[in-house]
Amino acid sequence: MQPVATTFFFYFLSGLTLASGVLVITRKNPVHSALALIFGLLAQAGLYLMLYAPFVAGVQIILYAGGIMVLFLFVIMLVNLERSQKEEQFNKQWLVGIVAAAALGVLFVLVYMKGADLFPVRMTLPTESNNTQEIGVMLYGQYMFAFEIASLLLLVAIIGAVVMAKKRI
Amino acid sequence: MLDYVTSYLSSNTTPGQAGNVLWVLIYILVVFGAVSVAVMAMNWLERKALAHFQIRLGPMRVGPHGLLQPIADAIKLLTKEDIVPAEADKFVFWIAPLIILCASFTVYIVVPFGPTHAITDLNIGILFMLGVSSLSVLGVVMAGWASNSHYPLIGALRSSAQMVSYEVAMGMTVVSAVLMTSLNKTGTGTLSMIGIVQAQQSQQIWFLFKFFPLGLIAFAIFAIAMVAETNRAPFDLPEAESELTAGFHTEYSGLRWSLFMLGEYAAMIAVSSIAVTLWLGGWLRPFPNTLTGGAWDLVFSLVPGLLFIALAVIAFVGVVRMPKHPYFRIQTIGLAGFGAVLGLIGLILFAPPVRDRIQDIFWFTAKVAGFMYLYIWYRATFPRYRFDQLMKVGWKVLLPIAIGVLILTAVLGVLL
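Chains A and B supply the protein sequences, listed in that same order.
For the first sequence, numbering that gives the first Met the number 0 gives the first residue as 0, with consecutive numbering after it.
For the second sequence, numbering that gives the first Met the number 0 gives the first residue as 0, with consecutive numbering after it.
The hints are simulated quantities; they were obtained by calculation from the structure and are not laboratory data.
Heads up, a few of these hints could be off.
[What the hints assert, rightly or not] Not the full set, but computed from the structure, chain B residues with beta-carbon under 7 Å of chain A:
1. Ser133
2. Val136
3. Ser159
4. Tyr384
[Said to hold, decoys possible] Below, a list of computed lysine to aspartate or glutamate pairs in the EDC-like style, where the Cα atoms sit at most 20 Å apart:
5. B/Lys184 x A/Glu147
6. A/Lys165 x B/Asp387
7. B/Lys75 x B/Glu45
8. B/Lys47 x B/Asp72
9. A/Lys27 x B/Asp72
10. A/Lys27 x B/Glu45
No residue lacks a Cβ here, since even glycine has one placed at the ideal position from N, Cα and C.
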């Protein structure tokens, strides 16, 4: 199928991501920050879709926007909002912040100017129609070891959480 | 221009795949309208059926047998005062119903009403449906928090715990159905909604009966989890009226409240259509493999028309039984007109070109309608669960069984 209005959607989604990223750190109220973060994550899912990676987009929605953000909101609701609103939002580390931001900015500029040599000219993209199948084959074939290690790590984290939460097992 | 419009009709795919923006818009409008009308019809049916379960009459005043009641309700809700609590977080309060509404209507993009009758066929169809419908829990949480009141907050906390935990069992059963799609020559399955139904078609069996009773168990778990997922009785703890007045939407009134209702019913239809697609063969007619042949095809293709004719006959029986008092004259004429329209639709559905095109949509809708009736039936039959019982059922019963079914399905799929 032919993509429609690609440029428009790219700038729209990128703008949405940036705007909500700014909102996340500037809002005083943590619930508003979480709300902005959700929009940012959804816009990112849209960007993944535009990169012909529908599976990653779906996982982004189901895990980040639908799963993790619910837990975020859950926790935010249980803490005392009144106190957190009175606390100072930004600390005074201006110098370190500027240095870090400048370093990141230089990196971006360098990648933008010399990026053509860094990346292979033409990667063989998995076609959109069997993107999920390709990812499955890769995860359980080429990257089997890394995948299993990651799942073991998550298992350890789950067991650790249960052990810490429960007094008597 | 005209070529652009007509080129889709011969392309034999979904408008999304054909990349035809105009037809995509038309499909979206039709689906949106149809779902909204279905929600209104469901509203009437629920009140009416519940009333008859409890040996009452239900709405009888507005229109014959209360047929116009949903419209009256809608007007009432639209003109009602829209109250925002003084201490509420205005913005979050405003956006919460919209999130629920958007989440429950967006999933219709991939619902396959027929082999070519879907807005588009995403490669990740079922994943997309589960993901986007899980976003509605955000709306519930925000509504509960933004109201700045105790009952809504407790309702929202309950609801998020409930929806997150039943989603897990639901996902496991969905995976076992997706595994079944991979039992073909190439050995790769599919997540696309249309692909799943086509897999059932080519394997000559609904996944409900595949690896009996594994498919049946997975379906049963999904059918339970989807009721919990949409916060309906007997799992309607987030809005348990005896304890929490109305749960997370206690503080909502008027239009915003109606958006919650619209979202809830749209989500019910959406999850029912997931169940129909995964286990009940989607748009396939009943017994496609045993009752084959032209004669049976013809018989099954006449069912939609016959159903509408039957509805028309029921309407005319109602006309005859209407009291003969002049007070009821307008209602009688209206009911007769309604019956005539139904009969006319039935006659149109008999025409061969319409008959062939409408069949798959009809069977899909009929199966979904069965589920919608089940929802009402549950509500009239089962008492509400207690919250700890609900959690126990979700985590200690449904989830282990779902994982067991998943493992057994994988083993049988490799062996057979």
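We went through each hint and held it up to the structure:
no.	hint	in the structure
1	Ser133	4 Å, holds
2	Val136	6 Å, holds
3	Ser159	6 Å, holds
4	Tyr384	21 Å, violated
5	B/Lys184 x A/Glu147	28 Å, violated
6	A/Lys165 x B/Asp387	17 Å, holds
7	B/Lys75 x B/Glu45	18 Å, holds
8	B/Lys47 x B/Asp72	14 Å, holds
9	A/Lys27 x B/Asp72	40 Å, violated
10	A/Lys27 x B/Glu45	44 Å, violated
Against the hints set out earlier in the document, violations occur for numbers 4, 5, 9, 10.
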